[in-house]
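> Use the sequences and the hints to build the structure in full.
As you go down the protein sequences, you meet chains A and B in turn. Under this note's numbering, the first residue of the first sequence carries the number 1, and numbering increases by one thereafter. Under this note's numbering, the first residue of the second sequence carries the number 115, and numbering increases by one thereafter.
Worth flagging that the hints you see were computed from the coordinates, not collected in a lab. In this text, a Cβ means the ideal position worked out from N, Cα and C, and glycines have one as well. Treat the hints with caution; some may be incorrect.
[Unchecked claim] Derived coverage of chain A by chain B (criterion: at least 3 residues anywhere in the stretch with Cβ under 8 Å from a Cβ of chain B; other residues may be distant): (1) 43-50; (2) 96-104.
[Stated by the list, open to error] Within a straight-line C-alpha distance of at most 30 Å, the following computed DSSO-like cross-link-like pairs (lysine-lysine) qualify: (3) LYS116(B) - LYS210(B); (4) LYS24(A) - LYS159(B); (5) LYS156(B) - LYS210(B); (6) LYS193(B) - LYS78(A); (7) LYS159(B) - LYS193(B); (8) LYS156(B) - LYS116(B); (9) LYS24(A) - LYS78(A); (10) LYS68(A) - LYS193(B); (11) LYS156(B) - LYS68(A); (12) LYS78(A) - LYS156(B); (13) LYS78(A) - LYS68(A); (14) LYS210(B) - LYS78(A); (15) LYS24(A) - LYS68(A); (16) LYS159(B) - LYS78(A); (17) LYS68(A) - LYS116(B); (18) LYS116(B) - LYS159(B); (19) LYS156(B) - LYS193(B); (20) LYS68(A) - LYS159(B); (21) LYS24(A) - LYS156(B); (22) LYS159(B) - LYS210(B); (23) LYS24(A) - LYS210(B).
[Unchecked claim] Label-pair ranges, simulated between beta-carbon atoms: (24) ARG64(A) - ARG173(B): 26 to 36 Å; (25) PRO128(B) - ASN52(A): 43 to 53 Å; (26) SER27(A) - ASP153(B): 23 to 33 Å; (27) PRO128(B) - PRO81(A): 43 to 53 Å; (28) MET40(A) - ASP153(B): 34 to 44 Å; (29) PRO124(B) - ARG41(A): 38 to 48 Å; (30) MET40(A) - ALA134(B): 25 to 35 Å; (31) ASN52(A) - GLN183(B): 32 to 42 Å; (32) GLN183(B) - THR96(A): 25 to 35 Å; (33) GLN80(A) - THR132(B): 45 to 55 Å; (34) GLU119(B) - GLY59(A): 13 to 23 Å; (35) TYR165(B) - GLN80(A): 24 to 34 Å; (36) SER66(A) - PRO124(B): 15 to 25 Å.
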Amino acid sequence: DAGVIQSPRHEVTEMGQEVTLRCKPISGHDYLFWYRQTMMRGLELLIYFNNNVPIDDSGMPEDRFSAKMPNASFSTLKIQPSEPRDSAVYFCASRTGTRAGELFFGEGSRLTVL
Amino acid sequence: RKEVEQDPGPFNVPEGATVAFNCTYSNSASQSFFWYRQDCRKEPKLLMSVYSSGNEDGRFTAQLNRASQYISLLIRDSKLSDSATYLCVVRPNDYKLSFGAGTTVTVRA
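Encoded structure:
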């Protein structure tokens, strides 16, 4: 069975450029989460969706970050303009509505902003 | 104060040893608790849930102390493959999981 699929796996970009990260959740999962992981701050929840609707975006650092989920099988996280402090691993995760403790993570997108 | 706090370690132990570590959580109303495992440069994966009465999964034992608001994980008969970062996870409400920063365990031959 396919797990959560993220792309790109690695991205190196220059400050000021737009970055788009993509995620395909596991089919049938109605919750989707975007996390960011750094050495300093660990795993931070940025935003989550339920049935494609954004429910809580209080973790989004600032207006430079935006996320969409146009349908049940696709989500994007966009950073515009990117800054060096955005360098991190961005994880997408999904789960069912019944097993709230079991998140299935993608392999992550490692972003480096120069 | 962080929602979930863990000793980052590292805990360096020989194969076959027992290693145990805790985490503390700040929200007394938290509903459920978990341990996730994260290998180097990989994604986190659920290791086990933590039940009020304590529970075992093979060589792994998890305990919950609600009064003192801490969770523990004990690994018996450590294997080289147990080397990883163990993330303490708390569910303070219906949708959110709060992750600790992780405890790194290194098992040496």
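> Hint compliance check: list the failing hint numbers for this structure, sorted ascending.
As far as the earlier hints go, 6, 10, 24, 28, 29, 35, 36 are violated by this structure, in ascending order.
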